[in-house]
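J.: Please put together the full structure from these sequences, using the hints given.
Residue numbering for the sequence shown follows UniProt numbering, starting at 1 and increasing by one per position.
Hints in this document: simulated from the structure, not taken from any laboratory.
Treat the hints with care, since some could be wrong.
What the hints assert, rightly or not - Listed below are the simulated BS3-like cross-link pairs for lysine-lysine, each with C-alpha atoms no more than 27 Å apart in a straight line:
id	residue 1	residue 2
1	K8	K33
2	K53	K8
3	K59	K34
4	K59	K47
5	K136	K102
All of these numbers come straight from a predicted model, not from anything done at the bench.
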Amino acid sequence: MTVEVCVKAAAGAPDTLGDCPFSQRVLLTLEEKKVPYEMKLVDLGNKPEWFLKISPEGKVPVFNSGDDKWIADSDVITQVIEEKFPTPSLVTPPEYASVGSKIFPSFVKFLKSKDASDGSEKALLDELQALDEHLKAHCSCAIPQFSPVRRHWVPTSTGRMYQLLILTWGRSSSTSKSHWSISKAGRSQKT
Numbered sequence: 001m002t003v004e005v006c007v008k009a010a011a012g013a014p015d016t017l018g019d020c021p022f023s024q025r026v027l028l029t030l031e032e033k034k035v036p037y038e039m040k041l042v043d044l045g046n047k048p049e050w051f052l053k054i055s056p057e058g059k060v061p062v063f064n065s066g067d068d069k070w071i072a073d074s075d076v077i078t079q080v081i082e083e084k085f086p087t088p089s090l091v092t093p094p095e096y097a098s099v100g101s102k103i104f105p106s107f108v109k110f111l112k113s114k115d116a117s118d119g120s121e122k123a124l125l126d127e128l129q130a131l132d133e134h135l136k137a138h139c140s141c142a143i144p145q146f147s148p149v150r151r152h153w154v155p156t157s158t159g160r161m162y163q164l165l166i167l168t169w170g171r172s173s174s175t176s177k178s179h180w181s182i183s184k185a186g187r188s189q190k191t
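T.: The following block contains the structure:
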């Protein structure tokens with residue numbers, strides 16, 4: 001039984017894994033479970049005919065657990081992987097399923113806010129604090145705590161901790177306005 005997964009190739013580099021988070025989620029699940037698989041990189045700008053036969057909509061990822069049935073949708077794929085390869089279990093316990101779920105909406109509200117007194121800053125900080133407290137209480141991994149840079153980690157549906165964002169909090173002394181800068185892989189951009 002050969003497990004196969006078709007994922008996005010990098011634009012302009014057909015032999016390199018692309019930037020599709022859905023494909024990466026499936027690959028991370030297979031890696032965490034140590035399931036041997038054959039990865040097929042697909043150039044989404046020039047989809048081959050064989051790929052369109054197994055994925056008529058032309059979407060990635062698509063997965064075949066060895067039974068010649070191709071499955072689309074990373075949620076469905078990761079569930080199938082969990083069922084067929086249950087060890088180690090990567091299922092997030094139900095009591096932790098909502099941890100961190102309000103951070104992104106709070107962050108968006110804060111970014112869009114034009115009124116410094118509307119409570120969006122406090123709501124976001126409260127959500128980040130709640131996540132920090134949860135991780136301190138339930139995570140055995142070392143979570144670096146830097147000031148003013150804070151790294152925040154969230155449980156994914158695979159049950160493992162992955163870095164979501166690096167948020168830098170600061171206050172401009174000249175305007176007393178709050179600002180965030182978001183960095184990814186060491187690159188920073190002001191928001």
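J.: Compare the structure with each hint and give your call.
T.: Here is what the structure says about each hint:
no. : hint           : verdict
1   : K8 with K33    : 21 Å, holds
2   : K53 with K8    : 16 Å, holds
3   : K59 with K34   : 25 Å, holds
4   : K59 with K47   : 10 Å, holds
5   : K136 with K102 : 18 Å, holds
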